[in-house]
Every structure is written in structure tokens, then in C-alpha cells.
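Engineer: Got chain A; can you put chain B on it based on the hints?
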Amino acid sequence: MSTKLAKIEKRTAYLLILPSFLLVFSIILFPIFSNIWISFKNVELKDLRIPEPRAKKLVKSIKDNPNQIKVIYKLRNSSLTQEITSVKFKDKYPDNIEPISLNNKCQFKSNLLKCELGNWPKKYRENLEIVFQNTNNQEISKKELKSYKPKLSGKSQNILLTYEFTLNNFKKVIKDKAFIDLLSTTFYYTFFGTIGAIVFGILAAQMVNQKFFGRTFMRSVLLFPYVAPVVALAYTWELLLDPTSGTLNNLLINYQIIDGPINLLGQKYVTLNILGFDFKLRLALTTVIIFEIWRYFPLAFLFILARLQAVPKELYEAADVDGANPIQKFLNITLPQILAVISILFMIRFIWNFNKFEDIFLLTGGASGTRTLPINVYQQGFSIGDIGMGSAVSIVIVVFLLIFMFIYFKLLGKRADEN
Amino acid sequence: MKIKNIFTYCFISSLFLFSLICIWKILVTLQGIELINFNFNKLFIFGIILCLINLLIGKKLNLNIKITILALLFSIFDYFISINLPIWYSFGIFLISLFFFNNIKNYDKNFLSKNHSSQKLFFNFLTLFGITLFSFVILFPFYMMLVTSFKTQALLLLNPLDFSINFAQGLPELFKSYFIVFKDYNFGRYMLTSTIVSLGTVIITLIFAIPAAYAVARLNFFGKNFLSTSILIIYLFPAIVLVIPLYTIFSQLGLRNSIEGLLIVYTATTLPVAIYMLQGYFKSIPKELEEAGIIDGQNWLGIIFKIILPLSLPAISSVALYVFMIAWNEFLFSLMFLDRPNTFTLSRAIQFLNVGAETPRQYLMAGSVVVTLPILIIFVYFEKYLVSGLTAGSVKG
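First to last, the protein sequences are chains A and B.
Sequential numbering from 1 applies to the first sequence in my numbering.
Sequential numbering from 1001 applies to the second sequence in my numbering.
There could be a bad hint or two in this list.
[Said to hold, decoys possible] Here are the computed lysine-lysine pairs in the DSS-like style, where the Cα-Cα straight-line distance is at most 30 Å:
hint	chain 1	residue 1	chain 2	residue 2
1	A	Lys211	B	Lys1114
2	A	Lys177	A	Lys46
3	B	Lys1306	A	Lys211
4	B	Lys1283	A	Lys211
5	B	Lys1109	A	Lys329
6	B	Lys1109	A	Lys7
7	B	Lys1283	A	Lys7
8	A	Lys329	B	Lys1114
[Said to hold, decoys possible] Heads up, incomplete: computed chain A residues facing chain B, CB under 7 Å, no partners named:
hint	residue
9	Val221
10	Ala228
11	Val230
12	Leu239
13	Pro243
14	Met405
[Unchecked claim] These stretches of chain A come out as covered by chain B in the derived footprint (C-beta under 8 Å, 3 or more residues):
hint	stretch
15	86–97
16	207–217
17	248–261
Because the hints were derived from the structure by calculation, they are not lab data.
We put the beta carbon where it would ideally sit given N, CA and C, even for glycine.
Chain A extracted, bound-state conformation:
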């Protein structure tokens, strides 16, 4: 009896999960695996269009002969790169007409014109002309003739489904001189973005954890950058930082802090002189990182605040009795309490910043030294139009991602053991 119940339970469970599983499988898992397939192929954006045989139908009356009419089909292969094999043609005609003569490719049977047009090479064009006469002396209606649309079908090789593979994409990715730069930019962006977001998150959480007037309002406000759409925020920042009419530059010039405008999003390097040493700062990248911190510190704030509120008050009271100062209290009580949250946050944010696309894309489009791996996927795949290369870069991302995830789950597991 119990085994039967267990069986029913199992079947119900699979039934309940199946729809979600199918959807997630086809939209997430299958694409991730097909990335591998595509990355070993030489595919370009223009190859993605499936070649179609197309026909345009023209109907012309013949001079001095109202009983006859000429139909012209302008045939062409829509693809500029691929051939179409065994093209078949089909068109319907009204009852009262029949063709005068037909070439050997075509047949006319029970109002249907059928043709076997053979193979069409790329860019192929041909005109098919057929003269019809009426069988019952009624006038042929041009409109009626035009109302039927010819149907064409043909076989073409789908470049995605062939078994031709190449290693060229990966070779290109690795041999690219900019690859090291790409990686270092990505890590620089990811690392500083993550650290910054966490540091500001701790600061904000410390502040909001004290009682003051308007505290709940403050908590909502702090989450605004995270909740609002990235498109709107990125363009607002772009206006804010604009070198000529942007607010920030104009403010700084107004207070005579800088002499001329600084193109914060368009300048790759800026030379800073600190204590007599010149060193180069990647300006646009730094600006993008600041935007990133501004947008994502609320998340760190939310997590850390939740943790801070769970810290027992007795700990601080005991510290007060012992005469600890605020810094000691923070270092010895608060920090150990939130350390676990911080490490988890660091990993999550690291993974996400590593894959961040929208923010950089909208702010700089990857120009002036802000090209990260995700931006490169887009540029390879859609700006240059090399889908295969884009896929290969995606694979590089996935490999890094798997490494990070491995570490993350190790960390999670370790934490679960501790609790």
C-alpha cells in the first residue's frame, strides 16, 4: 500500500515539475550547451537567415487578345551566400483558364500549376513566364489571378546543423593580443566593484542601524538605485558626467576645483601625481566602477543590515561595561558577526559583476578601456557579426563562472557545517 502511495507521489511530483523543467531546459540549459556547438563553427550573423526561394507574381494582359493573359513569376534566391536545392513551386488558378504552353519543368493539373525548379545557386534569379488562355470566353479577371499567392519550398543546408567544425574561434580568442587586457579589465572591474559595494554597504548599514528621525524612509531611499531600471540611471549618469554640459564638470569648474572639463567616460587614462610619483589611473573604467558601486551597494546594505539587526544587544552592553571604544566594538563584535554574510556577498557579487553587461554597455559601450568579457561577447557577435567568436568568448565566461561557482558552493557548504 505504502509503495503504491509513494509511486503516486513520485508521479505527481514529476508531473508538477515537468512544465518548469521543459521551459528551463529549452531556454537556459539547451542554449548553454549549444554555445559549445556554435563556438566550434564558423558562423556569421548573415548566415543565420534561412535561405528562402521567393517569387513575385506579375499579371499582364496581352495586346489585342483579351482571351489570353501572361503571368510572370520573378524568382530569386533570398540568400546571398547559400544555395537552395530541389525547389518546388505551386500556384493555384481559377477554373476557367489553362496554359497554352508549358516548359518541361512544369505541370498543370486540376487548376494547380506545379513546377520542379531544381537547384538554385546563391543570388540566383530567373523569370518564369506562362501564357494562359480562357476556356469559356469569359474575361479573365486580373484581380482574381493576383489574389492567389505562389507557394515555394526548397531544401537548404542550415549552417548551424552541419558537421563542419573548426578550432579557429578559440585560437583567435586566445591569440588575440587584447585578450590579456580584456581579462585584466574584467577582473579589475569585478574586484573593485565588488569590494566598493561591500564597503559602502557596511557603512550604510552601520548608519541605518542607529535610531534617527526618518530611518525607514532612509532605508527605502538607499535601495532606489538598485530598484530603478538601469537604462534610465545610466543615461542620467551620462548626462551628469558629460564633459561640456554635464552638471559635475560644470560644478567643479564653477568652484575652481578643476581648470577644464574632464571627460570622465571618454578618457582612457588620467595621470595623477601623488607625492611626486606619476601614475596612470584608468579613468573611464574607474567611473564605470563608481557607477557600479552606486547601483549595487544597496544590495550589500540590505544583507548586512538584516544581519546587524540580529546581533544581540547584550554584546555591545558588555563591551560598554568593559570600556571598549567604538572602533574596538566594530572590530571585535560587529565585524565577526557579519563576516559570514560578507564572504557570501562577496562571492555572489563577484559572480554577477563578472557577467555584468548592461551597465558598461549603456555608459561607454565598451570604449575607452572599459571592454570586459561580456561586452566582448556582444561586440564579437553583433557588432562584428561573428557569432562563432561571440560563442567562444561566452564559453570562456562559462568556464570562469564554473570555477567561481565551485568556490561559492564550497563556501556555502562550509558555512552550513559551521552552523
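Structural biologist: What follows is chain B alone, placed relative to chain A:
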């Protein structure tokens, strides 16, 4: 009482006062008023003097009278060193100094002779200053977005620092950019598309996720543990690695430029997090309730509808709001999949406006307000639910 403590007290307090004044001055400048000097030296030294006076008076005077006098002194001093500024500027200075002296009113000789008093002082001010600065830095871009949308191109170019709103020009003139954005740039249609897509995503996601989450939370079946970990792993995969295969598949199936295609992708990408969040909640519902349902002769469907759903309404609202937010804000897929204006979502439309030929910035900002405002209103109104959704789902972002 240590000299060191007095010194830190004066220095930090005056610096804090000055930084508050600075933020006020920046705000005043942004109202289009010419103000090019912070007067650091004079204000800082006068601030130190006033802090010392505050310390010397201590509690000998009624505290309210004390802070009013000190604040008045400070604002009069500021009034004389700055020229040609409107009266509301000085009033602002007065209020700020009132706030400041109210904060330091309790500091006297006794306080400064205690242990760690300088550190405590420092952290008090740091908190206050941090709150002010954080609010300013966060709210300013939003404020700028809003005000720019009320301006005209000529005014924006004339004085980029003028962020005052001229209410005298009448409402139609003020909201002109919005009329144009909705009329000429078709934002009404985009807004409708965005709403349909977001609500559709929420509904379909819930229909798929609730049964699946229930199964993962409650039923025993082979591969359950594997499934619940893989949900999290799948969730961590970013959109950017899906974009190229999905683009190729969708263009060959003719699903690009269709709302259906977008709905499928959004649902699939939000499903893992929805299941993950819901199953956590379902697990917290006492099993006895379901057992009672089984005894009453309910089948699985009846249990889900009559017992689980009513009990988990808060969690479901969290998930729904979170999914709505993701779908509304989503950009990458709408950029990839939509290139005909009749299928644009709001995010895509704004990007199109920006890339397209020289769109005046007030229209761009009006569009940004149109996309931002609904989500912020929803956030403020349903904050409780959305915050719990954010916390549970913020593995991703």
C-alpha cells in the same frame, strides 16, 4: 579634561558643520544662483570659535536659547561674508546650523573628560554626515532626471547648473516633454508593451513555479536533492551567455520581434528564482495542515489551492513583485530580440531614443522618468514585500 579632546572636538565639529554647509551651497548653486566660493577658511575658523563658546556655556543657559543664539550668530556671519544671495539661502543656513548646534548642545566639559569621547564624537558626526551625503549622492541623479525633463533645450544649454523648476510657466508648458514623448515618440504603446510583458511574465511564472516549488518542498521523488541544488546553479548563469544561442535559435524560428518570444525568455529566466523562493516558504508551512487536508479527501491540486496558496500569499506577492521588477527593468534581451519599434518595451525604446539621431535630452529624461516612476511607486508602496523578495532573490542582480 584633555587638551587633545577639546582640539578634536572643535576640529571635527567645525568640519562637520562646514561639510553640511557645503552640501547646502551646492544645492543652492544648482538652483542657478551664482556662488563660486565655499569660504572655507572664514567659516571653518568661525565654526571653531562657536564650538568653543558652546563648550564654555555648557548647561548654564537654557539649551534651546543657546542653540538659537549660536545658530543666529553663525548665519549672520555667513550673511556678511557672502554677497548678493537670496534670503532663503540664509534661512537654509540658519536651519542647518540650528540642526548642528542641537546635536552638539549636550557636549560640555564633563563629556569631554570621559573615555573615548573624541572617538564617540567622531562616529556620531560620521553617521550624521554619512546620512546626509548618502541621501544626496543617491537622490541627486533622480532629482536631475526629473528636473531635466521639465526644462527646454535652450535653458539646459544656457546654464547647465540651473536645476530650478519654473512653475510660473503653467502646467502644459512644464509637462511639454511628456506630451511629446507620448505623442511623437509613441511611449504610450511602449508602456503598454512593457506592462503586458511584465504582468504576463509574473502570471506565467507563478503558474509554472507554484506546482514545481510545491513538489520540491514537499514530495519525495528520485533526484530531488539534485534538482534543488541545480535550481540555484541555473539561476547563477547570466543572460550574456544565453544571448548568442537564443538569438540564433529565435531568429531561425522567427520568434524575434515578438512579445511571445520575450515572454518565454523572461519566464524561463525568472522561473528558477521563483521556485527557489517559493519552496523555501512552502517548507515553513506546518505539514499537519496538509495531512488534515488529505484526511478530508483532498487531492494534490486541492491541497495546493485550498491550503498552500492562501497561507503563502505574502511569499507569492514577494515573488510576483520581484519578478515584475526584473521583467520591467530587463534590458539585454529586449535589446537583442526587438528591433522593430512596434514591439519595443520601454527600456529598449529609451535606448533607441539615445542612439538615434540627436534626441533632445529633456525627452530622453522624460522617457527615463516614465520608465522609473512606476517601479519606484510600486517599490515604496509594497516595500515590505519587495524587500523580502530582494533579500531572498538577490543572489542575482
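Engineer: Looking back at the hints listed earlier, which ones does the structure fail to meet?
Structural biologist: 3, 4, 6, 13, 15
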